[in-house]
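**Student:** Given the sequences, and given the hints that come with them, work out the whole structure.
In order, the protein sequences belong to chains A and B.
The first sequence begins at 1 in my numbering and counts up by one.
The second sequence begins at 1 in my numbering and counts up by one.
The hints are simulated quantities; they were obtained by calculation from the structure and are not laboratory data.
This one's a predicted model, so the numbers in the text were calculated from it and none came from an experiment.
The beta carbon of each residue, even a glycine, is placed where N, CA and C say it ideally should be.
Take the hints with a grain of salt, since some may be wrong.
To be verified - Negatives, chain A to chain B, calculated, CB over 10 Å: (1) R26; (2) S29; (3) H137; (4) A139; (5) R244.
To be verified - The calculated lysine to any residue pairs, modelled on SDA-like cross-linking and capped at a C-alpha distance of 25 Å, are: (6) K2(B) - P219(A); (7) K2(B) - R49(A); (8) K2(B) - L80(A); (9) K2(B) - G117(A); (10) K2(B) - V177(A).
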Amino acid sequence: MAGAAVLGRLSWLLAELVETVRETPRVVSLVLDVPGWAGHRPGQHVDVRLTAEDGYQAQRSYSLAAPAAGERLVITVEQLEDGEVSPFLVEELRPGERFELRGPIGGYFVWDGAADGPLQLVAGGSGIAPLMAMLRHRAEAAVDVPATLLYSSRTLEDVIYREELGRLAEGDSALTVAHTLTRAQPDGWEGYARRIDGEMLREVLGPPDSGATTFVCGPTRFVEVAADGLVGLGYDPSRVRTERFGPSGR
Amino acid sequence: MKLDGNAIGGLLGEIFVEELTIARSTCGSCGAVREVGALSVYAQAPGAVVRCPDCDAVLLRIVRSESRIWLELQGVSCLELRAPGV
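**Tutor:** Given below as structure tokens:
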């Protein structure tokens, strides 16, 4: 099935690994070259398909973590202990090796830039990936809207893109980044130290702003708590877009 | 494992030319109108079951084998999507 894209319909392309970037002990970003890639919008994802020698196939979805640079794109992968796909992508795949990928996928969990008003982001764990694509796009394209990120991680070592987020926030008075560490906090930690709740959402994101669009991404339970909390604060459900992740085969 | 309509964007992309996660579906049970990306998806094998996030009624089911795709739309009273090329 791999090969040239059929016009207008999703088909499988071949991705070649350029580089693996270690983000945290359990998470890497894969820099890929995908001939035929036609670009994408912040928030979209790809499906990855691996085929074993005996023909067995496993398929998973991964968010695109950065704007496309021509045919070069980035996905961020968390290694799951019992995973069928992520251990291969994280540990075995070497630069120059190839696998099948299709995309870009999705139009619902997509940020349309300034037209969507102020950008509000709530991330749990590796749910940061599509939201990082939005923040990177906002920075690269100098999109002139305020942005706020509330990001929940287990420990400081588990914070993906930690240095880059710090740099982005430091150089941009219109960007606020707030962290919460739910499992362990380093000495002198000044951020939040609990699971997200309505009070934290209110403190970080503020009262409902009818012009803002809020994107929530993380594990299913995290997304439910965050989305319920936002609606409880008076946020318009139609302006709160969610993406739950799990072991989503096709 | 509950997911969102986003999760089956790739599968729907095999069937429909237009991006279906931004199509609006009307629930045949409660009448709620939602974008497909906002629907609830339960994606355990062998297929995906899509439910209404408002009343939990089953809207559609998709099963894919190597050579066939079954798309059951019994719970959807209307699917409104952008005309191709617009």
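**Student:** For every hint, state whether the structure bears it out.
**Tutor:** Hints versus structure:
For R26(A), the condition that its CB be more than 10 Å from all CB atoms of chain B holds, with the nearest at approximately 20 Å. At the 10 Å boundary, the C-beta of S29(A) stays outside the reach of chain B, the nearest C-beta of that chain being 20 Å off. Here H137(A) stays apart from chain B, with its beta-carbon at least about 18 Å from theirs, past the 10 Å limit. At the 10 Å boundary, the C-beta of A139(A) stays outside the reach of chain B, the nearest C-beta of that chain being 24 Å off.
Not every Cβ of chain B is farther than 10 Å from the Cβ of R244(A); the closest lies at roughly 5 Å, contradicting the non-interface assignment. Among the hinted pairs, K2(B) with P219(A) is consistent with the structure: their alpha-carbon atoms are about 10 Å apart, no more than 25 Å. About 21 Å separates the Cα atoms of K2(B) and R49(A), which keeps this hinted pair within 25 Å; it holds. Straight-line distance between C-alpha atoms of K2(B) and L80(A) comes to about 18 Å, which keeps the hinted pair within the 25 Å bound.
Note on K2(B) and G117(A): the hinted pairing is violated, with a Cα-Cα distance of about 29 Å set against a maximum of 25 Å. Between the alpha carbons of K2(B) and V177(A) the distance comes to roughly 28 Å, so the proposed pair goes past 25 Å and is violated.
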